[in-house]
Amino acid sequence: MRRKLPQILSGGVVAAAVSAAPASAHPHVFVDAKAEIVFSAPGTITAVRNIWQFDPAFSEYAIQGLDTNDDGKLSDEELKPLAKVNVEALSEFEFFTFLIAGDRKFPFVPPTEYWLEFRSGRLTLFYTLPLKEPVALQKGIVLEIYDPEYYVAFTFVKDRPIAVAGNAGGCIAAYHQPHELDQQTMAALAAIPQDERELPPELEDAALGLAHTFTLKCE
Amino acid sequence: MRNRCAALMLAVLALFAVAAAAHAQSPFGISTPDAPRGSVGWAGPLAPVFAWIALRQAEFYRALTDTLDNMKANGGAFWLLAGLSFLYGIFHAAGPGHGKAVISSYMLATGETYRRGVALSFAAAFVQALSAILFVGVAAALLRATAVQMTAATDWLEIISYALIAAVGAWLVWSKARGHDHHSHHHHYVPAGDGHDRPGHDHDHGDHAHHDHSHDPHSAYGMRREAHEEALDAQHDAVPLIEPRQSWRRAAAAVAAVGIRPCSGAIILLVFALAQGLFLAGVAATFVMALGTGITVAVLASLAVGARDFAARLGDIGGGRGALVARGIEVLAAVGVLVFGLLMLGGALAARG
Numbered sequence: 481m482r483r484k485l486p487q488i489l490s491g492g493v494v495a496a497a498v499s500a501a502p503a504s505a506h507p508h509v510f511v512d513a514k515a516e517i518v519f520s521a522p523g524t525i526t527a528v529r530n531i532w533q534f535d536p537a538f539s540e541y542a543i544q545g546l547d548t549n550d551d552g553k554l555s556d557e558e559l560k561p562l563a564k565v566n567v568e569a570l571s572e573f574e575f576f577t578f579l580i581a582g583d584r585k586f587p588f589v590p591p592t593e594y595w596l597e598f599r600s601g602r603l604t605l606f607y608t609l610p611l612k613e614p615v616a617l618q619k620g621i622v623l624e625i626y627d628p629e630y631y632v633a634f635t636f637v638k639d640r641p642i643a644v645a646g647n648a649g650g651c652i653a654a655y656h657q658p659h660e661l662d663q664q665t666m667a668a669l670a671a672i673p674q675d676e677r678e679l680p681p682e683l684e685d686a687a688l689g690l691a692h693t694f695t696l697k698c699e
Numbered sequence: 002m003r004n005r006c007a008a009l010m011l012a013v014l015a016l017f018a019v020a021a022a023a024h025a026q027s028p029f030g031i032s033t034p035d036a037p038r039g040s041v042g043w044a045g046p047l048a049p050v051f052a053w054i055a056l057r058q059a060e061f062y063r064a065l066t067d068t069l070d071n072m073k074a075n076g077g078a079f080w081l082l083a084g085l086s087f088l089y090g091i092f093h094a095a096g097p098g099h100g101k102a103v104i105s106s107y108m109l110a111t112g113e114t115y116r117r118g119v120a121l122s123f124a125a126a127f128v129q130a131l132s133a134i135l136f137v138g139v140a141a142a143l144l145r146a147t148a149v150q151m152t153a154a155t156d157w158l159e160i161i162s163y164a165l166i167a168a169v170g171a172w173l174v175w176s177k178a179r180g181h182d183h184h185s186h187h188h189h190y191v192p193a194g195d196g197h198d199r200p201g202h203d204h205d206h207g208d209h210a211h212h213d214h215s216h217d218p219h220s221a222y223g224m225r226r227e228a229h230e231e232a233l234d235a236q237h238d239a240v241p242l243i244e245p246r247q248s249w250r251r252a253a254a255a256v257a258a259v260g261i262r263p264c265s266g267a268i269i270l271l272v273f274a275l276a277q278g279l280f281l282a283g284v285a286a287t288f289v290m291a292l293g294t295g296i297t298v299a300v301l302a303s304l305a306v307g308a309r310d311f312a313a314r315l316g317d318i319g320g321g322r323g324a325l326v327a328r329g330i331e332v333l334a335a336v337g338v339l340v341f342g343l344l345m346l347g348g349a350l351a352a353r354g
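First to last, the sequence lines map onto chains A and B.
Under my numbering, the first sequence is numbered contiguously, ending at residue 699.
Under my numbering, the second sequence is numbered contiguously, ending at residue 354.
For the record, the hints were derived by calculation from the structure and aren't laboratory data.
Note that CB positions come from ideal geometry on N, CA and C, so glycine has one too.
Where hints are given, some of them may not hold.
What the hints assert, rightly or not - Covered, in the sense of this in silico footprint (three residues per stretch, anywhere, with C-beta under 8 Å from a C-beta of chain A), are these stretches of chain B:
1. 60 to 66
2. 145 to 157
3. 263 to 271
Whole structure, please, built from the sequences with the hints as guidance.
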């Protein structure tokens with residue numbers, strides 16, 4: 481028994497050294513966001529419109545070398561190729577936009593309507609994300625917008641973070657903030673025994689509480 | 002015993018496999034994240050810890066770019082910028098990223114001392130800062146490259162980095178296989194960091210024959226002190242089998258392998274600084290950031306060395322197997338560096354199609 485201990489420990493040392501390593505990235509992109517839910521008829525959703533304003537640093541990074549005619553301004557023409565790169569790359573990430581009801585996830589199709597604007601040092605991406613099929617409002621349906629791995633940090637603007645568009649009738653949408661990890665949660669996490677593989681559900685929620693959530697209601 | 006080693010090896014390989022399953026991609030098609038998505042950190046039991054570190058990093062990074070933005074009007078903000086860069090560097094390295102894993106594993110594989118580990122950690126951090134500065138200086142300032150072109154270039158640097166890591170791993174495994182490296186099975190384990198950290202000094206303990214003591218379980222404890230003294234003498238007398246120059250060359254290769262791929266955060270910060278006409282402030286901030294990163298990596302690398310020594314000491318208590326334990330860790334770590342490099346290289350090449 482005594483002899484087994486060192487071998488187990490040494491394995492643990494190496495495993496710890498490597499497992500700490502290759503996890504995901506930290507945010508380098510900060511987005512001030514706004515969303516619109518598009519209705520074709522009261523109670524039927526057809527698309528989500530996203531308006532994402534990037535932080536100044538990422539904006540400068542994104543636009544470098546794009547002012548090809550050197551007029552100090554970025555025309556739609558000059559920004560178009562970047563907008564295309566943006567939405568094409570976003571499709572690999574489900575556009576960070578998830579419409580769900582319970583276990584069901586309603587798929588979107590890649591946007592055809594999209595553009596970028598650059599004003600006072602900030603780049604803003606506008607795009608309309610159509611649902612594959614119109615979705616009828618149902619119990620427990622929520623829209624979530626977030627990067628589950630937090631490379632992109634979303635913040636929803638205080639003034640009208642969500643709006644409805646189209647033939648919405650009496651339908652309204654409400655915004656709910658993600659709950660971030662606080663000191664108390666961290667203390668609770670530290671108290672979990674080492675051999676515990678599964679997190680208690682309330683802590684799992686806290687760990688993954690990066691989602692900006694929107695609920696929908698029709699009068 | 003052999004089965005357990007094999008099982009451990011498999012466990013380590015499985016971890017690497019998970020790590021390499023998803024290659025880093027950028028959600029906006031520009032500025033590739035430093036680490037792959039969908040990997041260990043966000044799935045394992047440590048997920049909340051990484052989430053917390055990521056949140057802190059986000060705050061520092063945001064404050065950093067905001068401060069740079071304000072510096073146009075207020076030059077005194079430079080000290081705030083330097084302080085934030087330092088804190089960001091510390092948290093940046095505490096979060097996920099393969100650099101510290103490779104450095105720590107390299108430390109384990111080579112049986113390096115604390116002092117060398119600290120030097121390597123800082124060297125890697127500064128090489129990475131330098132590569133970011135050179136990269137932005139050439140690509141953005143001179144060539145006026147677009148973000149899409151710069152991302153393609155960093156993706157290539159990343160591939161080169163993984164290839165170099167695999168090469169360093171292969172080198173380590175090869176020297177382990179030839180037995181021209183470090184602790185021999187027959188000798189009592191002497192922990193690193195006892196002041197014998199001249200380059201090339203911490204290798205094989207010569208051919209002293211106290212192994213016949215440690216093979217006798219009954220006399221193992223009684224012989225321990227004597228064996229220790231002999232081992233210490235042996236260390237002083239040891240003729241290094243690896244030339245110091247070769248050991249330094251290998252260390253330099255490890256540092257270059259890790260540092261050649263500039264971190265995305267530093268690139269964005271430098272491009273932003275350039276756009277504000279504050280490139281020199283950005284350069285200074287990048288170096289201060291490297292100082293913070295170096296501190297964290299040095300602490301982690303030292304922990305790895307300490308843990309190895311501790312395991313080896315436990316091995317001694319458990320029947321004179323300290324050297325064997327140390328040797329096992331070294332071989333595992335060497336194989337780990339090789340496999341990690343290969344898997345990441347494969348993933349990166351596959352992602353390019």
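Against the structure, the hints come out as follows:
Proximity of the region 60 to 66 of chain B to chain A, defined as three or more residues with a beta carbon under 8 Å from a beta carbon of that chain, is established by the 3 residues found. Evaluation of the coverage hint for the region 145 to 157 of chain B: fulfilled, as 7 residues show C-beta separations to chain A shorter than 8 Å, against a requirement of three. For the region 263 to 271 of chain B, the stated coverage by chain A is satisfied: 5 residues place a CB nearer than 8 Å to a CB of that chain, which reaches the threshold of 3.
Checked against the numbered hints above, the structure breaks none of them.
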